[in-house]
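Two chains, two separate frames, one set of hints: put the complex together.
These protein sequences, in sequence, are chains A and B. According to my numbering, the stretch in the first sequence is residues -6 to 229, in order. According to my numbering, the stretch in the second sequence is residues 135 to 329, in order.
Take these hints with a grain of salt, some might be off.
Listed next, the stretches of chain A that the computed footprint assigns to chain B, with coverage defined by at least 3 CB atoms under 8 Å from CB atoms of chain B [stated by the list, open to error]:
1) 29 to 35
2) 104 to 117
Here are the simulated DSSO-like cross-link-like pairs (lysine-lysine), alpha carbons at most 30 Å apart as the crow flies [unchecked claim]:
3) B:251 to B:217
4) B:251 to B:240
5) B:217 to B:317
6) B:273 to A:29
7) A:145 to B:240
8) A:150 to B:218
9) A:94 to A:84
10) B:217 to B:240
11) B:317 to B:251
Bear in mind the hints are in silico, worked out from the structure with no lab data behind them. Idealized CB from N, CA, C, for every residue including glycine.
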Amino acid sequence: MIHRRSLLLRAMALGAAAPLGGCNYEDPAHPDLADKFLHAMSAWNDRVQAALFDPHTLAPTFRPDQITNPPRFNAFYPIDQAPVVDEATYKLELGGQIQNKTPWSLRQLRTLPQESQITRFVCVEGWRVIGQWSGVPLGRFLRQVGADTSCKYVSFKCADGYYSSIDMASALHPQTILALDFLGAPLTAPFGAPVRLRIPTKLGFKNPKSIMQLAVTNVYPGGYWEDQGYNWFSGS
Amino acid sequence: MSRRVIHPWPLRLTHWLNALAMVIMIGSGWQIYNASPLFGFTFPIGLGQWLGAGIAWHLAGMWLLVFNGLIYVIWSLASGHYKKLFPIRPREVWGDFRSALSLHLKHETGVYNAVQKLLYAGVLLAGVLAVLSGLSIWKPVQLWFLCNLFGGYVIARYVHFFAMTGICLFILIHLLLVALVPKVLPPMITGGRLP
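Chain B extracted, bound-state conformation (with noise of 0.2 Å):
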């Protein structure tokens, strides 16, 4: 039975657990952002209407982050999940890459092509970078080992901002393709079934 499920139970429920992280973790980033721009702009919006919300939500949402990462990491490796990741080759990628844009891109039901792949290995990258600039940010003297592999706590907050931009464009891009092909959303929620 599980064998035939596209999308298992822990899957589901870290995805989802993590679209909720990101909501808080972007939202008020952007709200800490505000309070002194690294670039010429601010965001319009932000989560918590002051720095000190936007604070108190992104250190209290990061646990949600972290665990929840956790979570899916020790469940991927144990169960094999993180094999449908690899290998990424670049031919592949390619190819897929010209088929998608073309529009002529097969979904093939319970398999990542080589974009997602290269997609889903990167946003995971950029989580990795998101939350290790992040903590040698709120912890620059205590994990100065951490804050000094970054380059200081100057480097690592344009790192930081950085892994959020990358994960931004992930997400727009998976919602793109989400609404391009329909069909794949109800699985992620149901579990789904594989033909």
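Excised from the complex, chain A in its bound form (with noise of 0.2 Å):
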């Protein structure tokens, strides 16, 4: 995992020569002066954006004919080692602040009541796609299973090792949703089966694929990239 992403920082970091070294982020492990700027900056950038969050401000909303065909993948690892999750056997687990732990099955999940919505999937690097996504609102399921939404975070963990987490008010968002289908079908492996979160208010990578852990808490998640350098809002 180590060398497949240093591999990864360095292929994004082609063609660019480091006009100042140690500006980089290249060791989280071990800031330097310019990364402890940068992280306070960060983390600045964090508040001013929970102040920004409108709860009823909604993503924009597009027709079925904007949809981008074929849908793109991406992740940190090529298409083929995406991770293949039983969908007979699977159970979402649940974690921290919520009252009734029991884990979830598929079937429970789609139980439900689905929301479907055709939005804009804006990438960190700056590309955007337009897809349609289906599931459960995720305000609705955390009501249901009692989850304390006086918590700040809502974590998650996936089936290829990714990690993330978001605040709660963007949780608690109408757009924001365990997705089960995509495009109309249920989700397949490279698109984040058999659960995954879609968030429109936010960047792509706060939309967690194959997610296996939820979990509500007061304790800083972090995230796979956030803990990178991404910014962990990334609020759109």
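Spelled out as structure tokens, the structure:
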């Protein structure tokens, strides 16, 4: 994993010389002065974005003919390495400040009211695609299982080792869903089967795929990319 | 005393802070561009060694750019400095442009010639466009009205790119003119004195 990550970072830095040595977020475990400054500014930007976030502002929706086809795969590994989860035995595990932590099977998740959306998925790299997702509104689900929605964070752990977390206000946003379907059919492995987060008010990397565990907590959970230097809130 | 200074201290301070903001914003902007190029090229250099560092610099530098810019605008309006930029008359621009090309344009200390006026007003406009289109890209959902003003997220990215291009062209000409008339540099540091 470490090796693959460093290769990826190298690939991303391809063609980019380093005019300022050190100012690079290269080694998150050993931040230099520039890294500490950038961390402080990023934390400040988290607070600004939380203040700017309006729970009633909806992300723009699109027409079916505007859907990007074929859909674009994106992950920190090639498409053939996407994790394949056994849907028959799958159970979404719950943790943290949740009253009823009984795991949820896919069939149970499908008994809850489903919400469909055609929204824009904006990658931190700048590109965007439009897709259709449907699934269980996360706010509805959190209330169903008796989550303490006064907690700060909802965190996710995925089948591929990916992890991420979002603020509670964004988790309760009406367009934030635990997606089960993509483009009118159940999610496939590369696009996050069996359950992924779809949150159109945040950047793409805040939409974890193949979620195995969901937890509600007040302890900052970080994230795979967030821990390497991407801004945590990353709201749109 | 202050009347005789070529460049008052608020102008000098905001000028050099803006120069720093330009290095940070353009350098990190190139790094971000390279992650998903709009055109068939990438920039050979960028601030930060990967996208995450580029974005971190960009979103940190934006505060310097915007607050410094606001201080400049407020000072400029309050002190009347902005009047030096106007009026911009096309005939004067053309005349000063021709004499500049033939290297006959006189440098009148403390006065902006017509070409300067046009360039400064132009780069200020590009700066405003860069900030507004940048906010649209950063917050296309929360600042949807701003993003819509630019025709949506995709077009806002192009506007942001071309605003940067305009600013880079200005910097190129600006540095070239300083190189041609180097005596204008010290007063931008010390303030200088009008003759």
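Verification of the hints:
1. 29 to 35: holds (count 4)
2. 104 to 117: holds (count 4)
3. B:251 to B:217: Since the Cα atoms of residue 251 of chain B and residue 217 of chain B sit roughly 10 Å apart, the hinted pair holds (cutoff 30 Å).
4. B:251 to B:240: holds (15 Å)
5. B:217 to B:317: holds (24 Å)
6. B:273 to A:29: holds (25 Å)
7. A:145 to B:240: Violated. Residue 145 of chain A to residue 240 of chain B sits at ~64 Å, over the 30 Å cutoff.
8. A:150 to B:218: violated (59 Å)
9. A:94 to A:84: Distance of about 11 Å is within 30 Å: holds.
10. B:217 to B:240: holds (21 Å)
11. B:317 to B:251: Judged against 30 Å, a Cα distance of about 19 Å means the pair holds.
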